[in-house]
Amino acid sequence: DAKTTQPPSMDCAEGRAANLPCNHSTISGNEYVYWYRQIHSQGPQYIIHGLKNNETNEMASLIITEDRKSSTLILPHATLRDTAVYYCIVRVAWAGATNKLIFGTGTLLAVQP
Amino acid sequence: GAGVSQTPSNKVTEKGKYVELRCDPISGHTALYWYRQSLGQGPEFLIYFQGTGAADDSGLPNDRFFAVRPEGSVSTLKIQRTERGDSAVYLCASSSGTGDINEQFFGPGTRLTVL
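Chains R and A are the protein sequences, given in the same order.
Residues in the first sequence are numbered consecutively from 1, following the working numbering.
Residues in the second sequence are numbered consecutively from 1, following the working numbering.
Isolated chain A (complex conformation) (with noise of 0.2 Å):
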């Protein structure tokens, strides 16, 4: 079946621009996560979705940073007024948030760069 799909796979903007990443998760898992990767580091989490609500989003690092997934199924992670600071690959994954496992399964990710 299809897995996690992210779009787009590349973003270049200016900085101050607003920017939307998009994430279409696994059909039917109800948990979904936003990471962070910077170059040569390991993922960093930004925030995770039980169904429609946002169940903890301690990892966003400030409020230019916000992320809706209005349905329970599709997310959007949304920039405002981007930094250079912000470039880096952004992850999404998906789970079925049931059992002890949750493993979570990746998306390709989406390279933001700002310029």
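Just chain R, with the same shape it has in the complex (with noise of 0.2 Å):
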């Protein structure tokens, strides 16, 4: 599975978008880019996932470049229980895999009120 790189910590205002960014330059064509996210002293959930066309849900939205090379994952109006360690992973997803996920250090996101 392909290695993801990610900045160590992001601040941003309560009320505001957050766009946290991921770098995976050695995504293959099969490889799928998820992410998660873990509130203290819980364990991790799942936000959203792409291939190649931007992804949408409740929870965010997931802007993967053409070459696929980055992705940002944006919450758009962030509150305090967004205050989590963000991840992105990128893995292939098929029925025959093992479907393991590959944890970095993530990004730890501080929403300020």
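If you are wondering where the hints come from, they were derived from the structure by calculation, not from laboratory data.
We put the CB at the ideal spot given by N, CA and C, even for glycine.
Careful, some of the hints might be misleading.
Claimed, not checked - The following label-pair restraints were derived from C-beta to C-beta distances:
(1) R:Thr26 / A:Ser96: 25 to 33 Å
(2) A:Gln80 / R:Lys69: 39 to 47 Å
(3) A:Ser96 / R:His77: 45 to 53 Å
(4) R:Ser9 / A:Gln80: 34 to 42 Å
(5) R:Thr56 / A:Asn62: 29 to 37 Å
(6) R:Lys69 / A:Glu71: 27 to 35 Å
(7) A:Thr113 / R:His40: 17 to 25 Å
(8) A:Gln80 / R:Ala17: 44 to 52 Å
(9) R:Ala17 / A:Arg84: 42 to 50 Å
(10) A:Gly51 / R:His77: 40 to 48 Å
(11) A:Gly40 / R:Ala13: 21 to 29 Å
(12) A:Glu71 / R:Glu66: 46 to 54 Å
(13) R:Thr105 / A:Asn62: 19 to 27 Å
(14) R:Asn53 / A:Gly51: 26 to 34 Å
Now that you have both chains on their own, put them together as the hints suggest.
Here is the structure:
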């Protein structure tokens, strides 16, 4: 699975958009980009995933560059409850694969009041 | 519905002792994963079950670690002759195992402390 690079920490004002970048320059054509987050003392929580098109759900938007070498997770209106470590993960996703998640150290997003 | 549950939530043991950590996955989920998380690090994959069989145990650090899932539901992670370096949060996750998403649902973890 491809390696990802994320900034160790970011701050965001409550109510503003939080834009979390991720570099994955060695991503393969069959690898998806996944985002999970981990609130303090809890297990990780799935946020969103994509292959090459931009994706949006009730939690966030995922913007993937055309060359797929980087992506940005966008939380449109950050709240204090969004303070967490955000993990960007790339992996293959098909029925026969292990589908294990390989976590890096992630980005600690601190939403400020 | 109920999520993934793990017991105990905390376990303190002495070096050299044997411990068992339990995971109850979401009902109907065929895939089950164990991860280990040390302080300040992201979770590290240990083992993956599809049904009753361990499909990938490449993350188990050594032969002191073993996991079972005899009926394809509850899983137990077993650690023999515990060492201080085994201290970590042990996370369990389950997924439906179908489709390309395979979103993994995590439990709250078991915090293991080896004295």
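Provide an ascending list of the numbers of those earlier hints which the structure does not satisfy. 3, 5 and 6
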